[in-house]
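Protein chains in written order, with my numbering: chain A, 10 to 328; chain B, 224 to 739; chain C, 85 to 438.
For the record, the hints were derived by calculation from the structure and aren't laboratory data.
Everything numeric in this text was worked out from a predicted model, so none of it was measured.
Every residue, glycine too, gets a C-beta built ideally from N, C-alpha and C.
Just to be clear, a hint being listed does not mean it is correct.
[What the hints assert, rightly or not] Computed Cβ-Cβ distance ranges for the label pairs, DEER-style:
#	chain 1	residue 1	chain 2	residue 2	range
1	B	R332	C	I372	45 to 51 Å
2	B	E352	A	G156	56 to 62 Å
3	A	N142	B	V341	37 to 43 Å
4	B	K333	A	N142	32 to 38 Å
5	A	N142	C	S244	43 to 49 Å
6	B	I533	C	T186	51 to 57 Å
7	B	Q311	A	W75	51 to 57 Å
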Amino acid sequence: MNELFSSIFSVNFGFAILRVMTPLLFPAMGIAVSTMAGSQNIAMEGSMLIAAFFGVIVGAFTGSLWLALLAGIAAGVLLCMILGYFHLKLKADIFLSAVALNMFASGMTIFLLFMITGDKGSTSSLNSPVFPNLTIPLINKIPVLGGILSGHNILTYVALISVFLFYILMFKTPFGLRIRAVGQNPHAAESVGINVNRTKMYALMLSGALAALGGLYLSMGYVSWFSRDMTAGRGFIAIAAATLGGMMPLGTMLSSLFFALVSAVAIYIASLNIPSELIQLIPYLVTVVALAVFSGRAIKRKKEKEIEADKELETEKDE
Amino acid sequence: MSNNILEMNEIFKVYPEGVIANRNVSMDVQENSIHALVGENGAGKSTLMKVLFGITPFQGGSIVYKGQEVSFSNPREAIAAGIGMVHQHLMLAPDLTVAENLILGMEPRKGKFFLDSVEAEKICRDASEKYGLAVPPEKKIKDLPIGVRQRVEILKALARNAEILILDEPTAVLTPQETEVLFKTLDGLKGAGKTIIFITHKLSEVTRVADRITVMRDAKDITTRGMEGLDEEKIASLMVGRDIRTERIAPPDSIGAAKLSVRDLRYTDADGVEALKGVDLDIRAGEILGIAGVEGNGQSELAEIIAGLISPESGTVTLDGESLLNLTPREVRESGIAHIPEDRMENGVAEVATIEENLIVDRYYKDKYSSRGRLNWKFITDKSKDLIERFNILAKNSKSNVGFLSGGNIQKVVVARELTSNPEVIIASQPTRGVDIGSEELIHNLLKEARDEGKGVFLISADLDEVLKLSNRVIVFYDGQITAHFEDASKVKDVDLGPYMLGLKKEEAASGKMDS
Amino acid sequence: MEKWILKYFTLIRVMIALIIGVAVTILMIYLISEYPGESLKYFFTGPLASKGRLFNIFEMAAPMIFCGVAIAVSFQADQFNLGAEGSFVIAAAVGTAFAVSTNMPAFIHIPLVLIVAGVTGAVWSLVPGILKAKWKASELVSSLMMNYVAFYFSLFLINSYFRDKDAGFLVSLRLPETALFAQFIPGTRMHFGIILAVIVAIAAYYFLYHTTSGYEFRQTGYNKKFARFGGINIIKVIIMSQVLLGFIAGVGGMSEVMGIHGRFLWQAPHGYGWDGIIVAIIGRSHPILIIFSSLLLAYLRVGGQVLNLMGDVPAELVNVIQALIILLITAEAFLGQWKYRITRRQAEKEEAAK
């Protein structure tokens, strides 16, 4: 038990949490963006997968990290544009279409994997580049914190920065304002000349790019290969994380951190006699509880507002 | 006239289902005036403005704006040309602030990419001051009462340099105090050189603020003129008076005791508007009690409360002495209430279901329709065929989808179901709206039949012809209260009802009670 | 002719989607395979070539039918609960635990185990149901999450208490003979569960279209306001639909254990729930059609397997095609222009006839 505690409160553990958090945070932000625009995109899983794959392939064949990055993002964005086309133009249900695209990505990546490498398991036969780890000067000298924060893959820092960027984009730019308006009341947006469908498409593309970064991290950072279905449901956990975080940047980051924490603990705990499976289900269970509390509060708040309105009317009459 | 900012000439508009909403309507609006557009529901005034604003296309006529012929294919173009519209259902983003809603689509920027929220609030404050409309720039829309929200909407239009401001029934959701504030605002706007068109059916407002008026009736324009010499009564008669004599059905043979009684019913809706302010009425067996009134004065809420779909704040509703409140919709139905809803597509039918399925929703669990949980389709089909014949529903067979039927036939499905549910009291809300003449006749006959069978019929209709044709007793609803009670409808003419419907006259302590 | 097209438009749209799917399959095999002719034969005729393969289709279709029907029942009441996977697996786990720990003659054991599994699945689905009914919480999110909870909890249960220490992998103890479905056709794995699946589908059809409760489900799905207006208890419908979903999926999960594997052996989510969604969409939430769409999907999957084995095209081709088919089917406006033109022409004809 002592061993466990010393492991958990170790610098390594703190470091591990941030590592595990990265491929959760990216798709979670993707969900938050698309939900803010009123078109929740649950094809994060598929976008991540397809980006992870194409990043590795292009990286292996061109040797260029930049091209790999571009290819991965393009793949993720393209998948979400297809979603956008089917949902916005052809009026397909956005959830069912996303489900279909996730299946598509899973099948297509294994399919192409086999075609290109002859292996259905992974691309380990290929030599694919990885994104570098960064040591941050000064920070890395700080005791404890330095060990936790410095030395991560560059994409981890990108993820953390993107939370901030997400906040800035959504709340400090006209683009973000329009996205939020479209999500809250499309009629309001239309009445001032905003093209609702185009805005939603942009949001979907942005979510695709974010998911892509998460996928690229998996296959070119976390590990250095693509393996089938390597996203392992992170795209769906992201829905939970974003929901728990109220679709807001800070909240999403904190809940992603929470999920990462629990996942990391599970890895460490495997050595102990506490069944890891029980640890692993905690984040999901917590989400369900949080969802219940969240929704319950929303209903209570609505009832309170009605009572408030009544009171207002009464006092107005007296005036 | 050279100082007409807007001329609508011979506008002809027909909806895809064949309903003619505007029949060669002409209206000219002088610059810098407050122009009232009045008429009953269905007269065509909202449609006329939707045509102007580019929401819906028109088939004939022309629009001349500032001397040029125009035709807007969408609101964006209308806005760009300087026409702004404040709709009845406000178009604001609830979780954004007032300032953000105001500058949406024309956001002030800091650098190329950033939103200048300080500037946005400044723009909001400046507009607020300029037009005398106090709004809190930093507050979110969802935290504001509806009167303030409306002000934001108006400011939104003004901030986009609207020269003509169209307001669609603006005072429907306002308290009297807020209404007065609005009027002061409108006066101010006129002073600032704006032109205002406002759609309303409340005559007191017309005389209070309008310079000129256009009256519409039955998709036609009756007159467009200045307000000199017009008083509320004259306007009312223009709005409501008809050349068509109302035939009436034969009066009831015998009327029984009060079946349904409503006492002191009060209801406040989700927006905080008091829709019912203490209503008393009785419906007796064997009579048709008509409620005359422009829509939105509480009749819908009354119907829904009696049918068990919403709960009142206070008051009682009893059927043969037993309370109907706090019962489920099914329990209310089983007590003997049938309801022909005013929105048949929303509540009355399931479009994608078959006629049969629609006909049995209130009785599928009863004897013969099903036994021990198993539906008896043979019986259901036979019964449905029977109803289709009896009620003259034009359908290929009982298993076709309701959605394929015309409006009139869909209504007949609803009526067929409701009238055969063995009710004691029937609430008929706008029973012949959007229905062809033949079906209308049929439905009227059916209501008369129901009455003659000893049922109590509660007829809510914005169509005065209908009310006077069928009812033996009429009450008038205005602003959540009963303003008149005519115990003998045969002596009433539609012009008599007009003033009460429009809030001009009010009987002292009027109620629909029949204490005898 | 055109009137007929309008009437069955949705069905026609589905058929066209399927045809396009098949066409794209053929195209892709043609492009990819070194010997396309052979490959096409493997794919399309492979599943029918041997007894084993043919019955493989039925075996594979069984869990699809169960999950598809479960989801269809929920969809018909307009509930978007994706929790079939969760109910499937936890019911299998609990059912396995029960089967392994109890002893009784087969004719009691089998139905009892199935009931235990069904009830487990039903209770599991209650969570999203109650959350939705009481607090309007999204059943999509809650059911997806519960799937994970179900999976990990099942693993916990089996790995901690019912693990077969002698087996090489992490699997449960083998079920006693009295709790197994016999595989009654030698050379295949045909088991009673497949028959059960069809029976359940027929029962679900009967339920939805011939009982009062089923009627309530469907009207609620068509128009909730109308259902309430007519007197139907919406809350009851929402909860009941979730319970039924869970029960059917649960029976399906246990059936798979009892018929094919003889033990609980899933260490990773298998995706039965997703398969259920696919066949429910293709089968338009109609239980009888779902039997056929399951057979179709199973046929395609087996075809893919044969192709994979004998040819040079990976089986995942099928996953790609099924995604395309679903996309086309859910795109309401797919072929919308065509439908609009026909509708206009019909309306004009009727006007002229007047």
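Hints and how they fare:
no.: 1; hint: B:R332 / C:I372: 45 to 51 Å; result: 60 Å, violated
no.: 2; hint: B:E352 / A:G156: 56 to 62 Å; result: 58 Å, holds
no.: 3; hint: A:N142 / B:V341: 37 to 43 Å; result: 41 Å, holds
no.: 4; hint: B:K333 / A:N142: 32 to 38 Å; result: 36 Å, holds
no.: 5; hint: A:N142 / C:S244: 43 to 49 Å; result: 38 Å, violated
no.: 6; hint: B:I533 / C:T186: 51 to 57 Å; result: 53 Å, holds
no.: 7; hint: B:Q311 / A:W75: 51 to 57 Å; result: 55 Å, holds
Violated hints, listed in ascending order, are 1, 5; each of the other numbered hints is respected by the structure.
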